[in-house]
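A.B. asks: Chain residues, written in single-letter form:
Number of protein chains: 2
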Amino acid sequence: MAVHNVTVEKTIKALLDEKKYPTLKDILITMEPADIAAVFEELDEQRMPLLFRLLPKETAAETFAELEPEWQELLIRGFSDTELNEVVNELYVDDAADLVEEMPANVVKRILSQADPQMRKEINEILQYPENSAGSIMTTEYVSLRPTMTVSEAITRIRRTAINKETIYTCYVTLDRKLLGTVSVKDLLTCIDDDTPVSEIMDENIIAVSTHSDQEEVAQTLSKYNFLALPVVDTGGLMVGIVTFDDAMDVIVEETTEDIEKMAGMLPSEKTYLRSNPWDLFKHRIPWLALLMVSATFTGLIITSFENALAAQVVLTAFIPMLMDTGGNSGSQSSVTVIRALSLGEIDFPDLPGVLWKEIRTAVLCGFALSALCFAKIMIFDRLILGNTDITVTMAFVICLAMAITVVIAKVVGSTLPMFAKKLGFDPAVMASPFITTIVDALSLLIYFNIARAILFN
Amino acid sequence: MAVHNVTVEKTIKALLDEKKYPTLKDILITMEPADIAAVFEELDEQRMPLLFRLLPKETAAETFAELEPEWQELLIRGFSDTELNEVVNELYVDDAADLVEEMPANVVKRILSQADPQMRKEINEILQYPENSAGSIMTTEYVSLRPTMTVSEAITRIRRTAINKETIYTCYVTLDRKLLGTVSVKDLLTCIDDDTPVSEIMDENIIAVSTHSDQEEVAQTLSKYNFLALPVVDTGGLMVGIVTFDDAMDVIVEETTEDIEKMAGMLPSEKTYLRSNPWDLFKHRIPWLALLMVSATFTGLIITSFENALAAQVVLTAFIPMLMDTGGNSGSQSSVTVIRALSLGEIDFPDLPGVLWKEIRTAVLCGFALSALCFAKIMIFDRLILGNTDITVTMAFVICLAMAITVVIAKVVGSTLPMFAKKLGFDPAVMASPFITTIVDALSLLIYFNIARAILFN
Numbered sequence: 085m086a087v088h089n090v091t092v093e094k095t096i097k098a099l100l101d102e103k104k105y106p107t108l109k110d111i112l113i114t115m116e117p118a119d120i121a122a123v124f125e126e127l128d129e130q131r132m133p134l135l136f137r138l139l140p141k142e143t144a145a146e147t148f149a150e151l152e153p154e155w156q157e158l159l160i161r162g163f164s165d166t167e168l169n170e171v172v173n174e175l176y177v178d179d180a181a182d183l184v185e186e187m188p189a190n191v192v193k194r195i196l197s198q199a200d201p202q203m204r205k206e207i208n209e210i211l212q213y214p215e216n217s218a219g220s221i222m223t224t225e226y227v228s229l230r231p232t233m234t235v236s237e238a239i240t241r242i243r244r245t246a247i248n249k250e251t252i253y254t255c256y257v258t259l260d261r262k263l264l265g266t267v268s269v270k271d272l273l274t275c276i277d278d279d280t281p282v283s284e285i286m287d288e289n290i291i292a293v294s295t296h297s298d299q300e301e302v303a304q305t306l307s308k309y310n311f312l313a314l315p316v317v318d319t320g321g322l323m324v325g326i327v328t329f330d331d332a333m334d335v336i337v338e339e340t341t342e343d344i345e346k347m348a349g350m351l352p353s354e355k356t357y358l359r360s361n362p363w364d365l366f367k368h369r370i371p372w373l374a375l376l377m378v379s380a381t382f383t384g385l386i387i388t389s390f391e392n393a394l395a396a397q398v399v400l401t402a403f404i405p406m407l408m409d410t411g412g413n414s415g416s417q418s419s420v421t422v423i424r425a426l427s428l429g430e431i432d433f434p435d436l437p438g439v440l441w442k443e444i445r446t447a448v449l450c451g452f453a454l455s456a457l458c459f460a461k462i463m464i465f466d467r468l469i470l471g472n473t474d475i476t477v478t479m480a481f482v483i484c485l486a487m488a489i490t491v492v493i494a495k496v497v498g499s500t501l502p503m504f505a506k507k508l509g510f511d512p513a514v515m516a517s518p519f520i521t522t523i524v525d526a527l528s529l530l531i532y533f534n535i536a537r538a539i540l541f542n
Numbered sequence: 085m086a087v088h089n090v091t092v093e094k095t096i097k098a099l100l101d102e103k104k105y106p107t108l109k110d111i112l113i114t115m116e117p118a119d120i121a122a123v124f125e126e127l128d129e130q131r132m133p134l135l136f137r138l139l140p141k142e143t144a145a146e147t148f149a150e151l152e153p154e155w156q157e158l159l160i161r162g163f164s165d166t167e168l169n170e171v172v173n174e175l176y177v178d179d180a181a182d183l184v185e186e187m188p189a190n191v192v193k194r195i196l197s198q199a200d201p202q203m204r205k206e207i208n209e210i211l212q213y214p215e216n217s218a219g220s221i222m223t224t225e226y227v228s229l230r231p232t233m234t235v236s237e238a239i240t241r242i243r244r245t246a247i248n249k250e251t252i253y254t255c256y257v258t259l260d261r262k263l264l265g266t267v268s269v270k271d272l273l274t275c276i277d278d279d280t281p282v283s284e285i286m287d288e289n290i291i292a293v294s295t296h297s298d299q300e301e302v303a304q305t306l307s308k309y310n311f312l313a314l315p316v317v318d319t320g321g322l323m324v325g326i327v328t329f330d331d332a333m334d335v336i337v338e339e340t341t342e343d344i345e346k347m348a349g350m351l352p353s354e355k356t357y358l359r360s361n362p363w364d365l366f367k368h369r370i371p372w373l374a375l376l377m378v379s380a381t382f383t384g385l386i387i388t389s390f391e392n393a394l395a396a397q398v399v400l401t402a403f404i405p406m407l408m409d410t411g412g413n414s415g416s417q418s419s420v421t422v423i424r425a426l427s428l429g430e431i432d433f434p435d436l437p438g439v440l441w442k443e444i445r446t447a448v449l450c451g452f453a454l455s456a457l458c459f460a461k462i463m464i465f466d467r468l469i470l471g472n473t474d475i476t477v478t479m480a481f482v483i484c485l486a487m488a489i490t491v492v493i494a495k496v497v498g499s500t501l502p503m504f505a506k507k508l509g510f511d512p513a514v515m516a517s518p519f520i521t522t523i524v525d526a527l528s529l530l531i532y533f534n535i536a537r538a539i540l541f542n
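Chains as they are written, first to last, in the working numbering: chain A, 85 to 542; chain B, 85 to 542.
There's no promise every hint is true.
Repeated chains share a single entry, so a pair holds when one copy, or any two copies, can fit it.
As the list claims (entries may be wrong) - Taking lysine-lysine and the DSBU-like style, the derived pairs with C-alpha atoms no more than 35 Å apart in a straight line are:
1) LYS104 x LYS308
2) LYS367 x LYS141
3) LYS270 x LYS507
4) LYS507 x LYS103
5) LYS506 x LYS193
6) LYS308 x LYS94
It should be emphasised that the hints constitute simulated quantities derived from the structure, not laboratory data.
This one's a predicted model, so the numbers in the text were calculated from it and none came from an experiment.
With the hints as extra help, turn the sequences into a complete structure.
C.D. replies: Below, the structure is given as structure tokens:
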């Protein structure tokens, strides 16, 4: 059963107050590292390090890896050299590399000075790769087997080295670091003849990524094939590490959050919402707000240029928000759908004609339905019930025609802009609701006023 | 290296035309099931079943599981009873249950008639659980061990049964189906003494979900603890199955797509974009479009009630889109951020005061910055450069004050509505951009016109 954090947290705080350390130790060893980390982050700065020291060595390292960077820093600053040495060398290499990336320079110096030479070498290797690349999220710890080993030799080797390897269940058959194939522990265990050489049962269909592949692509490949880990090869084709499924899951969640932030007109943030202060939020939100506000100048200019028409028929103004919002919503629907399909790899630029044709037909259906509804609403509600006699049948027709055309144009713009953005190497997620809304606003007003001028004022 | 589908597809099509079946067979066995499925879906209805019959038994079943439902149906309709029997009984139970859920009734009858009695029993068990529950995505195939087994007995048991179990790497120690603990193959392999009883090395801190847990919660739990699989227990606390990491990854992607669709004012769709025809898209998009269009009536009424003021100062109209859009964008930023934090389990209803206070401070910063920028823009661009002398300093002040207040209110509404929605049991994702925009539009106009009336027309 999942641990109820709130209750456990209370118990732990009470026991801490009473200094009942042996009992605390007994409670902590029954908990998962992720849950211990969650409780630790609720404690104050004095008591957290105290509690951390009660953890057994391996759990301590795993809990440490689950903590947020500021808590990790707090702990490291309080650690003696021996303590730091123990924690750092117990970490998986990819977690250690993450740690080094997050910490300020003086802390990094201390971490690296306490890391074993092998660990230090591996951390440095990972840090050389560009941010968000396969190289930057891989671990250099994996089980490699020689093709000539027999199944029983392979199992012996796994049993001997498994303690330090993050994922043992897929083993990589290599010769001079060149990847020849993969073999799973399941294959080894279910092989009937213990003397079969590994090369005979290995899977030679290798799916691998390069150190410079984008982490999102890596996560998608891993998820597509349902693998536990993906091998990472360098530019020379030699195997350098693996990306494990748990990191891939985190990448999927992170990248989606970034996409969602961009779609809502924000700069993507590395920090979680709770860890961001108002100043952080401000910095991520103001650029698009300001840019879009200034872009609305065009919409203002369009209205100004039709000032005389509007002064003559003020009732036209009352329908501006409805037209603009419906256009914006129609455009957002298409852009968000297309952006998601692009980011899931479902469609790509060559699909543009197909997407466009599908969106146009959908838009015609939506435009027709909405303008019929709008016509009924105007005639029944605005004219009959509210008795607004300024609204004529012709005027209702103008509004509905503008509505239908706006919906079609909004869907065309909304679906094509993200695809062009991707083609030109920009992030399609930026072409979402706020951006599309601004463009569609201007277009919808131009359509509306021009139709009004042609029909009402000719 | 990842297979280049386009090239392989061409080769396969050419070889099919030339009827070179042995060569085709050789190519297919080098490919991953997911890639084979992708190629199959590009073929026509005659040739796909032909190619499918070239696959070895196990690959055939795995490829079948990767195909889209309409292709599965096509294959089943063409299968002889023997062929159907082979494929169905080779599937993992959860894939078979998925299949039964997707197929029309007459096809389901044939599938169940060909399934082994054990398989039929297990499929039926899974189908009893509500949609999107842990029970509906679990598999009933897992390795269970008795607590009294020794390590070597456990390994022997795994070796004997592993061929039919989806995930062997975590084994479940049970007594009369009651879950006592878990033990990983890694623990078993690295245990020094082969005669140690399993009960001594098993992990007794059990993290399990219930059959009725929501699949999203299951996926998050699995991802939080980096587990390969989570045990599922029934209401009596007895173990009934496991949910594996690959299904959890699919759930995360699916649920996020649903959230994104809702945030953009669409009903979530089960079909992928490419598989949806315009009529499907229309049905998912029109309800919110229509509802939001009708809601814009309020905005229209507000404008109508200030008609006289607007007729006197038409220039005020020109700034309506800018105010409404900036308000809408500010509100969307907050609502989308809060919705994402809610769905990742980062915040919950009790965090409301903290969220509100953070958003208010952010909003004051944004409001101040935007209105300063707006004032400069109006005075320099609209008044000086365009020479629009209708715009006075007082009017610029009215616009900027309305802007600042709108931004603050938009962020308050945007951040609190999703939290209240969740508290009341609605889906917070619905309270995103389009909905917030409609509310903020009305509020921003009320603020704008009332400030204008108080300052300009008093």
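A.B. asks: Tell me, in ascending order, the numbers of any earlier hints that this structure violates.
C.D. replies: Going through the list in order, the structure violates hints 2, 3, 4, 5 and respects the others.
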